[in-house]
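Residue numbers (my numbering), protein chains in the order written: chain Z, 1 to 278; chain X, 1 to 278; chain P, 1 to 278; chain S, 1 to 278; chain D, 1 to 278; chain V, 1 to 278; chain F, 1 to 278.
I should point out that these hints are in silico values taken from the structure, not numbers from a laboratory. Be careful, since some hints might not be right.
These stretches of chain F come out as covered by chain V in the derived footprint (C-beta under 8 Å, 3 or more residues) [what the hints assert, rightly or not]:
1. 126 to 134
2. 148 to 162
3. 191 to 198
4. 252 to 263
As the structure is a prediction and not an experimental result, all values here were calculated from the model. C-beta atoms are modelled at their ideal positions from N, C-alpha and C, and glycine is treated no differently.
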Amino acid sequence: MWLNIAFVGLKVLMIIVVAGIVVRVAKMLIRKTFSVRIKGPLKYNERRQQTMSKLLENVVTYAVYFMAIIAVLSAFTIDITGLIAGAGVLGLAVGFGAQNLVKDVITGFFIIFEDQFSVGDYVRIGQAEGTVEEIGLRTTKVKGFTGELFIFPNGNVTDVVNFSIHNSIAVVDVNISYESDIARVERLIQEFLVDLPEKYEQIIKPPELLGVQNITTTEIIMRITAETLPMQHFAVSRGIRRDLKEYLDQKGVEIPYPRMVMVQRSPEESNPSVIAKK
Amino acid sequence: MWLNIAFVGLKVLMIIVVAGIVVRVAKMLIRKTFSVRIKGPLKYNERRQQTMSKLLENVVTYAVYFMAIIAVLSAFTIDITGLIAGAGVLGLAVGFGAQNLVKDVITGFFIIFEDQFSVGDYVRIGQAEGTVEEIGLRTTKVKGFTGELFIFPNGNVTDVVNFSIHNSIAVVDVNISYESDIARVERLIQEFLVDLPEKYEQIIKPPELLGVQNITTTEIIMRITAETLPMQHFAVSRGIRRDLKEYLDQKGVEIPYPRMVMVQRSPEESNPSVIAKK
Amino acid sequence: MWLNIAFVGLKVLMIIVVAGIVVRVAKMLIRKTFSVRIKGPLKYNERRQQTMSKLLENVVTYAVYFMAIIAVLSAFTIDITGLIAGAGVLGLAVGFGAQNLVKDVITGFFIIFEDQFSVGDYVRIGQAEGTVEEIGLRTTKVKGFTGELFIFPNGNVTDVVNFSIHNSIAVVDVNISYESDIARVERLIQEFLVDLPEKYEQIIKPPELLGVQNITTTEIIMRITAETLPMQHFAVSRGIRRDLKEYLDQKGVEIPYPRMVMVQRSPEESNPSVIAKK
Amino acid sequence: MWLNIAFVGLKVLMIIVVAGIVVRVAKMLIRKTFSVRIKGPLKYNERRQQTMSKLLENVVTYAVYFMAIIAVLSAFTIDITGLIAGAGVLGLAVGFGAQNLVKDVITGFFIIFEDQFSVGDYVRIGQAEGTVEEIGLRTTKVKGFTGELFIFPNGNVTDVVNFSIHNSIAVVDVNISYESDIARVERLIQEFLVDLPEKYEQIIKPPELLGVQNITTTEIIMRITAETLPMQHFAVSRGIRRDLKEYLDQKGVEIPYPRMVMVQRSPEESNPSVIAKK
Amino acid sequence: MWLNIAFVGLKVLMIIVVAGIVVRVAKMLIRKTFSVRIKGPLKYNERRQQTMSKLLENVVTYAVYFMAIIAVLSAFTIDITGLIAGAGVLGLAVGFGAQNLVKDVITGFFIIFEDQFSVGDYVRIGQAEGTVEEIGLRTTKVKGFTGELFIFPNGNVTDVVNFSIHNSIAVVDVNISYESDIARVERLIQEFLVDLPEKYEQIIKPPELLGVQNITTTEIIMRITAETLPMQHFAVSRGIRRDLKEYLDQKGVEIPYPRMVMVQRSPEESNPSVIAKK
Amino acid sequence: MWLNIAFVGLKVLMIIVVAGIVVRVAKMLIRKTFSVRIKGPLKYNERRQQTMSKLLENVVTYAVYFMAIIAVLSAFTIDITGLIAGAGVLGLAVGFGAQNLVKDVITGFFIIFEDQFSVGDYVRIGQAEGTVEEIGLRTTKVKGFTGELFIFPNGNVTDVVNFSIHNSIAVVDVNISYESDIARVERLIQEFLVDLPEKYEQIIKPPELLGVQNITTTEIIMRITAETLPMQHFAVSRGIRRDLKEYLDQKGVEIPYPRMVMVQRSPEESNPSVIAKK
Amino acid sequence: MWLNIAFVGLKVLMIIVVAGIVVRVAKMLIRKTFSVRIKGPLKYNERRQQTMSKLLENVVTYAVYFMAIIAVLSAFTIDITGLIAGAGVLGLAVGFGAQNLVKDVITGFFIIFEDQFSVGDYVRIGQAEGTVEEIGLRTTKVKGFTGELFIFPNGNVTDVVNFSIHNSIAVVDVNISYESDIARVERLIQEFLVDLPEKYEQIIKPPELLGVQNITTTEIIMRITAETLPMQHFAVSRGIRRDLKEYLDQKGVEIPYPRMVMVQRSPEESNPSVIAKK
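Bound conformation, chain Z alone:
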């Protein structure tokens, strides 16, 4: 029996070693092929090519290791069957387990087939927001803004928000005080906006002053929008904010602090018991 175990162990070791080598070689080949074929006749979307490369590596890895596991398991098979009498229960359980796996793979297939997002896109999926790093057969990896890596099974991907397909809109709100002359401020901002596209090359169309977005309890809010290249709206917003602040300062338009009207009363006046006694 000990011989048997040793033999099985050896077999398992060999399978693992071989599988490891095959995976490495395959990955290398895939990378080379893709770096060469960029200028081939089929002219794949460059954005999609990167996705495909990552995916192919992933698929090959799974396929090879899957076969390795089957091989390893088959080496043990006889013992396992001996242990568990009720194989039906195991079959049922494995069936349910595989269900999730299949769901992940099918959804992953549609993500790539429908080109919902590619490697390098900036997306928001559930709680994950960031740049897609890898779309695998079973899981997707997204790298967040502050460096964290989100890993989730494809079956969890339902609502995708993709920021990299269309141009982004930078939205900047400016507060001005009630006392400001709205017409004059609008004129000033309009003038200011004219020069922006020259200054920021990420701005596609001339920015627009939408108008009085809201009148809060202490401020009038003016909204400006500017269409930019995808995901450039953060940088553009920051720029507009700074430039506009300086511009309005020069023109003497005040950005208001919160304001409150105070009415002073003497304590006698506000003490109910005093009044009641009168």
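Dock chains X, P, S, D, V and F against the given chain Z, drawing on the hints supplied.
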């Protein structure tokens, strides 16, 4: 065996290339047909035609690639069957996976059949809000206000809010101070509203002053509503807000700042220990 | 084979055209019948009649198009069966898909049968609030206050809130200051309420002063309720609010601003380190 | 074939008319029976009798219309069977649909059998709060405080809160200032509470002063509780609040405004850069 | 046929009357037995006995009425079977309905068997909090603090919080100002706590001063805990709060009001446009 | 028949009595065994032993009573079978009921087998937080801080947070004012921390000053962490807070009150209508 | 029979003892092997090795105890079968129970196979955030920042956030007042940032000043980002905050307190009743 693999690879490549060409040709034909047939005898709703064009492209793409995949898989079939003994488990899992797919397709069919929304409508579906860009067989794409693209399977579409079917109502709230003469303010606003429909052509009916919507701790809120063309209420609201603010300024009606009555006390009076000791 | 496809295409086209014509004719007939039969012997509830008219149109449309789809599919049948070997998987998936459809139809049937709401009622169902525009076999449409249209499958309708069946109650809260004489204010409000039913014809019963609803940190809140015709409580509340504000102003009852008692301290007194050092 | 359709139509019409008449007659009989039998020998709980009357009407309506529908459907049967080949799918779907129906009926049965609430009780079930108007076989109707009608299937009724079975407790919180003499205030409130049961007949037991419920940042909160007849606690609370406010005013106990201690500093002292430079 | 119906009606009536009588007699017997057997040899936990008495009544009621219903149904059986052809659908639906019923009964059984709570215990289960009034076979009834009765099926009982098994801990937080001498305040509170157990007999162990629980922006919070008899912590907390407030007042320890440091600036200094122009 | 019932009753009574006696004897034996075997050769983890003792009692109780119930039921069997024809429905329902029971037991088994927590550990599981009192076969009991007992089925235990396995970290945040010299404060706190481990023996490693955790609108927050014995961090935090407050007071480092810069304006200046008129 | 029980007990004891010894020996061997093999030819990722060591121990423990349990159960088998007649119900229930177990194991397998996280990584999974301590076959253990241990089944692991794979980004926001010269402040911060990488070796790239992130009601917020080694961003942020505060103090750039503009009014002016009377 290597020959076999090479042969399969070649076959797969060919299938992919042919499928790609067919899809492109079909898409081109669909677009041409639709751009021609606008003035045909059947007189489809123009709004719906755009939806149909996008959908047909989508359906053709799926159909062609679906056949291609079947073809590709059939090239591999023998190997797969050899690997997995328990095909029942796989069948079950695929059945469950297909279930979601079918659900998406059926819901998608009803969205189009019941004309819940068309390409170009402004809708809110779950967390996605924006203009519908494409209604596919399996997924719908909605482009948000700031440029992001929402992609979700049709099976997730349950509650649809469509803003493009009926006229919109612009709602503007104006705050006036407690000290204002409500009757006079109402008269002033009524006069102001009379001229609005001339100024903004998006306004359908003469706007209405609903009255005193609420009395908060420091303000009286008057509500104005104006029926506009679909999705024009944002622009109209902004316009009314600005014009009304200027109008009320001219007439001397104050928009109040938050107000607080302060009662001054000396520290001795408010120190409990001091009082207790007396 | 190309001939076959062309033939099938022709057949499909013909089916669609015929179905379209049948639906239009049927809708026209339904509308005529209902506009005539209002004074028939059966005396249906007028409110319900409108619902029935909309529903019948909906049912006829579905029935005709359903037959058309069956006809179209049967033209394709042979090819589909040829493609998919495992028809069991498809059957299962379609069964699950149909399940939702049936659930929608059954719930829709009960909504109409139990008269939970009719076309024209003001309802709140889930997140949708507004006037019912159409109750279909599968979906219900509700038009919101600001013009948006909510569309949801009947299967999602569980908790219905219907505002159009019973009279509504207008609830108006008035804040008075701590220093006010509550008894006098109550007397004043009582007098004020006596004249209301004459002024607003939507008020059914004489309004009631419930009393001191709450004593917050700076105000005493008095609550008034008035029973009005269904959905007239918004308008009535606005009217009462304005009239009462003017009335209390005349009588010299103050609506209080938020109030705060300030205790002044010199910095030395409040610097812990200074004290500690002593 | 047209004859056939006409015949079926006639048959359906007749079934509907007969069913309508039967339902009306049955309802009338039920109402008469119940108005007579109040003094019968079985002495049903009067509260429950009203529930039963409503329920019986509901059951009869369902039963009659159910038979009518079966009759109507049987008139169509041959055509339907002809259309749909796969009756198994339909059977499955109807089975699932009926499941919800049965669940509603079973839960409804237990609501009445266990007397969880009766018509006229004030209850809170899920988001619905108000007076029960009707307990049907499938749905329950609750009328809310402001006139809206909540309609929900009995299957949604899980957690019931019934306010009409036991006496209610009115809870009144009074704020007094830190500077007040707690012992004296407690004595005063105790005296005040003694007279309450005479004044408000809905109060069952002498109200109780629980004591210092909480000490917040600016107030001491004293809590009073009074047991009242079911659902009379709102009215009683309002009364106690008003009376107690007047009483404390007379006795010179202050209800405190929010309070804040202000420490004045000169700008130089608080500018970090100035200090840092020193 | 009418004879048949009359006969069935009579039969049903008789069954109901007999069942009603049996239930009443059984309940009476149960109550007598339990009031007698308190001093029997088996010495059941007195707390559990009350639960058992209520439960037994409940079980007997169900059992008798269940048999009655079976009897009534069997009188109708022949007609029902005649109406519905597909009995399988009904069976399935009833099976699912019964599933919930069985789940409720099983969970109810474990609640009593594991003695999770008994009649009279103060518990929190889901949203219900109050004293347990009845544990039935299918539902549990809990009476809330303000008199409302919570009724929920036992199947909903998962997380139980029982307050009546162990002693409760009264937690009292005291705020003192930054300027206070913490060491002295701790000494004072320690002295104060020594006398408490004599004053409040519900306190089991000498209360403890935990120390400085938190330092908020304007206060230092000291925490005191006192172990009391079950559910006596509310009353004890109220007492400690009042006594401690008086004690600290006597000793001159200030309970601080919220505090804010104000820095005054002239408008010129804070107007950015003015500065920018310089 | 009455004889039969009496006989069954007697049998049931006997079974209950015998089962009660067996359970008591078994519990006694278990306690004795465990109090003896602490010094046995197997050297179980002492923490685990207590868990095992409680569990064994629980298992024995269940096993005995389970057999008793089977015995009691078998006495009734014949009657029950007679009543219910469709035993299949009952079987299905019991199967589903047992499913939950089995899930609870399996999860309970893994809790103990994987040693996720033991009796006496301080844990947070779902909404329950406190000391584990008993881990049973089906339910777990946790005693909360204020004396309440949480009882929940093991199947609800998914995410366990165990505070008793590793050392705890006490986290203390100190606010200092903008005007403070950060470098000096850091030096002072460092000196202060050096003496702490001697003062509090629960501190394992010398505490650490992490640095400037945050700069809020009015304060600089410095964070200190100290590793303590498990669950000693509450006590240690309280101690550090008090000592540090006194230390900083001595050294003249101010803990700042909230601060606000006030800019005074005259009413004329801030009234928009006045300005607009100019 | 007693003999039989004794014999079974002995057998069970022996099985447990043997299993315990085997597990200990196996664990020892695994540890030794791994500490030796670090420099073997296969060159596993060092990070993964630690995970493997822990996992192998876990797997061996399970495997051994699983066999032991099977052995123990088989000793009891005959009795159990005798007790429960309906073994089908048990089988079903065990099947469902095992389903969860299998799901946990499969997910656990993919976590390790896809290298989602390893022992020592800092991750956030659901509500658990901390350092991974152990990845077992069924459960994962994560040690939180303050010392608590999170234990959850692998089946609950869906969305993983791994902070240890990529570099982290430290984000520091600085508030400056409206009155500041933005251009100058930007210049100052830029100069400040140049020296940072030398000071903090965890900073990988020169930090960046993103610009004006936001303009709130009283402050301008400037954002700085710095790429650091994984999980070093907390320490780096703290350092930057302190250094920058000192630097800006030196340069005379003010960090603003919240600001409010106060408008003083006399009570007469703000009392509506007074005005109304005029």
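Each hint tested on the structure:
1. Three residues within the 8 Å Cβ limit are the bar, and the stretch 126 to 134 of chain F against chain V gives 3, so the coverage statement holds.
2. Given a C-beta distance limit of less than 8 Å, the hint that chain V covers the stretch 148 to 162 of chain F holds, as 7 residues qualify and 3 suffice.
3. For the stretch 191 to 198 of chain F, the proposed coverage by chain V is not satisfied: 0 residues have a C-beta within less than 8 Å of a C-beta in that chain, short of the threshold of three.
4. Using a Cβ-Cβ cut-off of 8 Å, 9 residues of the stretch 252 to 263 of chain F lie near chain V, which meets the minimum of three, so the contact claim holds.
The earlier numbered hint that this structure contradicts is number 3, and it is the only one.
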